[in-house]
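Chains as they are written, first to last, in this note's numbering: chain A, 1 to 332; chain B, 1 to 239.
If you're looking for bench data, these hints aren't it; they were derived computationally from the structure. A virtual CB, placed ideally from N, CA and C, is assigned to each residue, including glycine. A couple of the hints might just be wrong.
Quick look at which bits of chain A chain B covers, simulated, 3 or more residues with Cβ under 8 Å [claimed, not checked]:
id, stretch
1, 118-127
2, 234-241
3, 276-284
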Amino acid sequence: MQDAGRAGFIEFGLSKGGAADVRALAEGAALLGQSPFMAALEMAGTGGVFSASAPVRIALTGAPMRATLDGRILRWNAAHRLEAGQKLHIGAATKGIYGYLHIGGGLATPEQLNSRSAHLAAGLGGYLAPNSRLPIGPDPALEAPNQYLPTPHPRFEGGEVRMVASAQTARFEAATRARFEATRFIRSPQGNRQGVRLGFEGAGFTAKDQLDMVSEFMIPGDIQMTGDGTPFVLLPECQTTGGYPRIGTVIPQDLPIVAQAPPGSPLRFHFITAEEARASWQSLAQICAGLSRTTRPLLRDPRTMPDLLSYQLISGVTAGRELDIEGDIDEN
Amino acid sequence: MTPEQPKSPFPAIAPMGVDGLLVRFADTLSESANRAALGFRAALAEAPLAGVEEVAAALASVYLRFDPAKSSYKTLHAALESRLRQPWQAALERPRRWRIPTVYGGDHGPQLAEVAALAGMSEQAAISQISATPLRVMSLGFAPGQPYLGLLPKAFDLPRQSALTKEVPSGALTLAIRQCVLFATPAPTGWRHIGQTRFKAFHPESDTPFPLRPGDEVVFSPVSIDDLSRQPPHMEAAP
Chain A
1 MQDAGRAGFI EFGLSKGGAA DVRALAEGAA LLGQSPFMAA LEMAGTGGVF SASAPVRIAL
61 TGAPMRATLD GRILRWNAAH RLEAGQKLHI GAATKGIYGY LHIGGGLATP EQLNSRSAHL
121 AAGLGGYLAP NSRLPIGPDP ALEAPNQYLP TPHPRFEGGE VRMVASAQTA RFEAATRARF
181 EATRFIRSPQ GNRQGVRLGF EGAGFTAKDQ LDMVSEFMIP GDIQMTGDGT PFVLLPECQT
241 TGGYPRIGTV IPQDLPIVAQ APPGSPLRFH FITAEEARAS WQSLAQICAG LSRTTRPLLR
301 DPRTMPDLLS YQLISGVTAG RELDIEGDID EN
Chain B
1 MTPEQPKSPF PAIAPMGVDG LLVRFADTLS ESANRAALGF RAALAEAPLA GVEEVAAALA
61 SVYLRFDPAK SSYKTLHAAL ESRLRQPWQA ALERPRRWRI PTVYGGDHGP QLAEVAALAG
121 MSEQAAISQI SATPLRVMSL GFAPGQPYLG LLPKAFDLPR QSALTKEVPS GALTLAIRQC
181 VLFATPAPTG WRHIGQTRFK AFHPESDTPF PLRPGDEVVF SPVSIDDLSR QPPHMEAAP
């Protein structure tokens, strides 16, 4: 279970944590018309089988996975309704790593230190065991029509990543920084919610006076160089302090690209100025509000409706340009 | 005419990501750098800066996180420069004091003898010196609530072991490089295990999940194994 994490405890050795891809939290919240600070289920690589004891709305965001409801394929990046007892099967990701299952009304387990996020390193929460039962909050919009997101931000195959200078950037020679920006990295197999390792060809990236640095705070997005000059990009569940030098920090808007990059996918980094970073920065609430303006109603394909004859089909006429068809795996 | 002193690069202010600043007092750990970090952090807590959401002290630096919608690096950089020029060192004057009963040596501190030998003194002398002075919580890290305490006398400037101890228990008191670490969870470590406490560093269900704060002082007072179960760790003096 992940929400936006628990800020405010870095001095006590507890990092903020939260969803590896916070944009996916905002997308789910926009689809369901609820707060992006609610908790969702984060599915790493593959999902599971889910059912509800009463009608619920769900939303599916993040890394696209094959999802079916009683055998009917569900569109990704969309909201759907489950009737009591229906079985939702979510399979393996077709791109990216972390898929998210959101519930209308949110998950209502008790909070620990102001959050429902699991933080495995701290012993808070954990992986969900089979047959877990999770309480759900009330959903005031249970009967709202389903929405979908036409163009979710592409971020599931690696790509270009923006970073800013940080407290230790000046420890690296200008030539080293230039070489870092020019290097075509790949996301190595070694990675988890604490960070991902970058693979590359050529010499490592070392700072001047690398030894005996006093430990300082680390934040998600920091790109640290281990002893042999191998870069690691830190993710939300990283440790709070460390003594390895850091060449810069990935901006929060682009951290989901790193978190969702599957092993082997390409990553390239370039510095932007603090002003450029500030211009592109948005709070989670702002991202959600922006996405809410882009959702569209989701309509069903008659070919997939077994109870078609029970519907009154024509009660008026429209130009029909706004129709979209449910029933395909999302290819975005 | 006195020769010109080279200007110290510290304290230095730098950005941390898009929503943070770091005020650094030194590149290496020292008593004065840690006091500076803790004192400046206390001063910022007494008189908060607008737009700042979190302030945290590490061994020799202070981190501030702000809301980019409410402030900016430029504004806070200027505000911090101004604060650094004001008197702030006194903010650390009255620390909270803890007494944590500790069983030293034997089965509960299997490496105390080694530490004493490396430090060139008897085990009894080592226990006396380690428990005599209150140790300051210089920083918390590695696990939630886990303290790094110091600084011990120079005789205890011993390197970490190159081969790790497979696991020390929760509450283990360990020593290296003039510091002690009190373990919050069972973990492998290169720090030498010199004693055992009943201290629990992290209470997730409590209103005060982290009993220790940077700047607190701790006395690890020697007790027998019987007394360990009778005497809980407690805070003796609050400012």
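Here's how the hints hold up against the structure:
1. For a cut-off of 8 Å, the count of residues in the stretch 118-127 of chain A with a CB near a CB of chain B stands at 4, and the three-residue condition holds.
2. Closer than 8 Å: that is the beta-carbon criterion, and the stretch 234-241 of chain A has 3 residues meeting it against chain B, so the requirement of 3 holds.
3. With 4 residues carrying a beta carbon less than 8 Å from a beta carbon of chain B, the stretch 276-284 of chain A meets the three-residue requirement, and the given coverage holds.
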